[in-house]
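Protein chains: 2
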Amino acid sequence: MKQEILKLGAKRVLIQLPEGLKQAAPRLAKIVEKAGALPIVSADPCYGACDLATTDAENLGVDMTIHYGHSKMVKYERVPTVYVEARATVNVNDVAQKALPLLQKWQRIGLATTVQHVQTLDVVRELLTRAGKTVIIGDAGHLNYPGQVIGCNYSNARSIAKDVEAFLFIGGGQFHALGVALSTSKPTIVADPYAGTALSIDKEAEKIVKQRWAIIEEARKATTLAVLVGLKPGQKRLEEALEVKKKLEDKGKTAFLIAAEEVTPEALMEFPTIDAYVNTACPRISFDDASRFKKPVLTVNEALVVIGALSWEELCRRGLLES
Amino acid sequence: MKQEILKLGAKRVLIQLPEGLKQAAPRLAKIVEKAGALPIVSADPCYGACDLATTDAENLGVDMTIHYGHSKMVKYERVPTVYVEARATVNVNDVAQKALPLLQKWQRIGLATTVQHVQTLDVVRELLTRAGKTVIIGDAGHLNYPGQVIGCNYSNARSIAKDVEAFLFIGGGQFHALGVALSTSKPTIVADPYAGTALSIDKEAEKIVKQRWAIIEEARKATTLAVLVGLKPGQKRLEEALEVKKKLEDKGKTAFLIAAEEVTPEALMEFPTIDAYVNTACPRISFDDASRFKKPVLTVNEALVVIGALSWEELCRRGLLES
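As given, the protein sequences belong to chains A and B, one line each in that order.
Mapping to my numbering: the first sequence position 271 is 271, numbers consecutive.
Mapping to my numbering: the second sequence position 119 is 119, numbers consecutive.
Some clues are possibly wrong.
Intra- or inter-copy, both count: the list cannot distinguish identical chains.
To be verified - The calculated lysine-lysine pairs, modelled on DSS-like cross-linking and capped at a C-alpha distance of 30 Å, are: (1) 75 - 236; (2) 210 - 2; (3) 7 - 251; (4) 246 - 7; (5) 247 - 72; (6) 221 - 34; (7) 236 - 30; (8) 11 - 203; (9) 75 - 11; (10) 98 - 72; (11) 72 - 236; (12) 295 - 247; (13) 75 - 203; (14) 294 - 203; (15) 11 - 247.
Just so you know, the hints here were simulated from the structure itself, not pulled from any lab data.
With the sequences and hints as input, model every part of the structure.
Written out as structure tokens, the structure reads:
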């Protein structure tokens with residue numbers, strides 16, 4: 001980090017960290033300061049590398065952005081950006097061991113994890129192999145590491161879904177594990193090294209599938225819809241939003257474009273006359289906040305189901321999170 | 001609005017409305033559409049004309065922004081902007097009448113209101129004059145209308161504070177009325193045409209003054225502070241933030257710069273090692289969310305009190321909201 005600052009001769013550096021890792025900000029700021037540059041920490045929510053603070057960086061006249069905790073996603077950055085991947089030091093052996101009994105039924109196991117734990121995949125592979133399993137780690141070429149998943153991209157897991165009977169996901173929380181289950185429709189076991197637990201995420205995934213079906217059914221009644229356009233650099237799909245708007249209008253619906261930096265239940269509550277939303281920004285917003293939204297918030301593919309351009313079965317086959 | 005679109009030949013128009021008025025969005029979108037342009041509604045929170053969506057406008061490639069509900073504040077707009085002031089049609093006579101008994105003690109009354117009700121000031125002036133009062137409406141030249149106040153600018157009220165014994169504020173809610181009371185230190189009566197009530201805001205203002213004093217006392221213990229830089233076009237004061245940072249460091253404090261589009265209690269909770277904040281963005285954030293912030297969030301002047309560069313008495317004399 002220090003070398004990059006010196007190499008660029010940066011005088012002012014924006015530091016961006018995701019929620020949950022922001023407490024590292026003062027420590028990073030001190031490193032930047034010692035390298036002779038002025039650090040400015042971004043306090044706005046950051047949920048992924050899609051969320052790169054390019055306009056803030058320009059706005060603040062910084063020479064360089066340090067994006068912490070995610071690997072690179074947006075191809076073109078207007079301000080030079082250094083990605084500092086946060087690697088967890090927590091040991092995963094114990095939870096991988098705990099996961100073994102839950103994987104008993106299956107022989108061929110796919111592995112998936114976030115960038116924080118990619119360095120543990122070899123150890124887990126060995127542990128599973130010693131237990132007699134056949135282990136496969138996918139690499140579809142879209143992410144930085146084999147087996148890696150990010151909130152909206154499970155291509156590595158999907159690329160091997162047909163070859164495995166179940167997935168073992170290494171990492172904290174339900175967010176990414178649910179993504180694996182929903183994208184692959186395969187039984188998924190989570191080995192969470194922070195909680196020290198191993199458990200199946202399948203009930204939760206099933207619940208979400210049922211919820212999505214109910215939301216699609218509710219959206220069929222909508223006459224006025226808004227198509228949401230994300231303003232974050234890796235979430236902006238204006239052309240796709242315009243296409244969806246046209247398709248809705250062709251089916252006799254009234255459709256507006258609504259742009260947002262943050263798509264929140266509070267923001268959408270300000271538009272009481274909109275019956276349903278089609279979200280072209282982060283697909284996870286629709287899924288993870290579903291119960292907090294008062295109106296249906298559909299993915300683009302779900303909207304196609306609503307207007308009869310795609311079948312529910314085909315959507316499930318493609319994966320609910322795919323766009 | 002239609003004429004402006006035609007005059008500019010705009011093909012794509014961003015519509016920005018403040019919270020509480022966003023339900024007018026579909027109606028405005030239809031007008032834009034009929035004028036032959038593509039409307040895009042901004043769903044992000046908007047609390048004032050300081051909050052003009054310039055970067056969003058550029059990001060979405062629009063030819064024109066319609067900013068609804070506020071009068072112009074930011075001098076230079078990078079995308080042509082039309083301000084559509086929302087004028088309330090609600091009658092204020094009844095509540096002005098109700099305010100009269102509350103104004104009994106005082107002879108010389110200053111009037112203040114928001115842009116929504118500026119057209120009612122003449123009627124209220126007449127009503128008060130007929131009741132034997134001397135009415136003064138201030139004009140310091142910084143806002144569009146005599147007597148107008150905005151969330152962070154009470155210069156019109158302040159300019160006549162020494163000439164009046166009390167203020168009558170016409171408008172809804174407590175937000176602007178509190179601003180008048182805090183900026184002028186004069187008894188302030190609110191005539192709220194939406195609630196149909198007239199009442200004194202002075203107890204509430206006193207409570208806030210006491211709270212500010214307590215927050216300053218708490219901030220004296222802080223060793224690590226962050227200076228908040230607003231990213232909204234009318235709230236960005238980076239140079240001032242750098243000055244505050246230097247002053248804090250000169251007093252032996254550790255100080256970081258933290259930039260934010262939205263300064264929220266949730267955002268600040270991500271930085272547990274910061275003891276207190278100095279907010280150079282919207283001054284109202286410190287005041288109106290004070291009880292929701294877990295750490296002291298000071299205005300710049302309050303920070304000067306903390307480091308002994310300004311006395312509490314002088315701060316009160318200048319007005320707590322002045323920068």
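Could you figure out if residue 75 and residue 236 sit no more than 30 Å apart (CA to CA) within one copy, between two copies, both or neither? Classified as both; 13 Å inside a copy, 28 Å across copies.
When no copy is named, should residue 246 and residue 7 be tagged within, between, both, or neither for a Cα gap of at most 30 Å? between (48 Å within a copy, 27 Å between copies)
For residue 236 vs residue 30, is the C-alpha pair at or below 30 Å within one copy, between two copies, both, or neither? Between copies only: 23 Å across chains, 33 Å inside a chain, cut-off 30 Å.
At most 30 Å between CA atoms: does that hold for residue 72 and residue 236 within a copy, between copies, both, or neither? Both ways: residue 72 and residue 236 sit 17 Å apart in one copy and 28 Å across, limit 30 Å.
Up to 30 Å between alpha-carbons, please classify residue 75 paired with residue 11: within, between, both or neither. both (24 Å within a copy, 29 Å between copies)
Taking 30 Å as the upper bound on the Cα-Cα distance, should residue 11 and residue 247 be classified as within, between, both, or neither? between (49 Å within a copy, 20 Å between copies)
At most 30 Å between C-alpha atoms: does residue 221 with residue 34 qualify within a copy, between copies, both, or neither? between (59 Å within a copy, 26 Å between copies)
My question is about residue 75 and residue 203: at a cut-off of 30 Å on alpha-carbon distance, are they close within one copy, between copies, both, or neither? neither (36 Å within a copy, 56 Å between copies)
At most 30 Å between C-alpha atoms: does residue 247 with residue 72 qualify within a copy, between copies, both, or neither? Neither way: residue 247 and residue 72 sit 33 Å apart in one copy and 37 Å across, limit 30 Å.
Is it within a copy, between copies, both, or neither that the alpha carbon of residue 11 lies no farther than 30 Å from that of residue 203? neither (51 Å within a copy, 48 Å between copies)
Given a CA cutoff of 30 Å, do residue 295 and residue 247 count as a within-copy pair, a between-copy pair, both, or neither? Within one copy only: 20 Å inside, 49 Å across.
As a check of your reading, is residue 210 near residue 2 (CA-CA no more than 30 Å) within one copy, between copies, both or neither? neither (49 Å within a copy, 45 Å between copies)
Going through the hint list in order, the structure does not satisfy hints 2, 3, 5, 8, 10 and 13.
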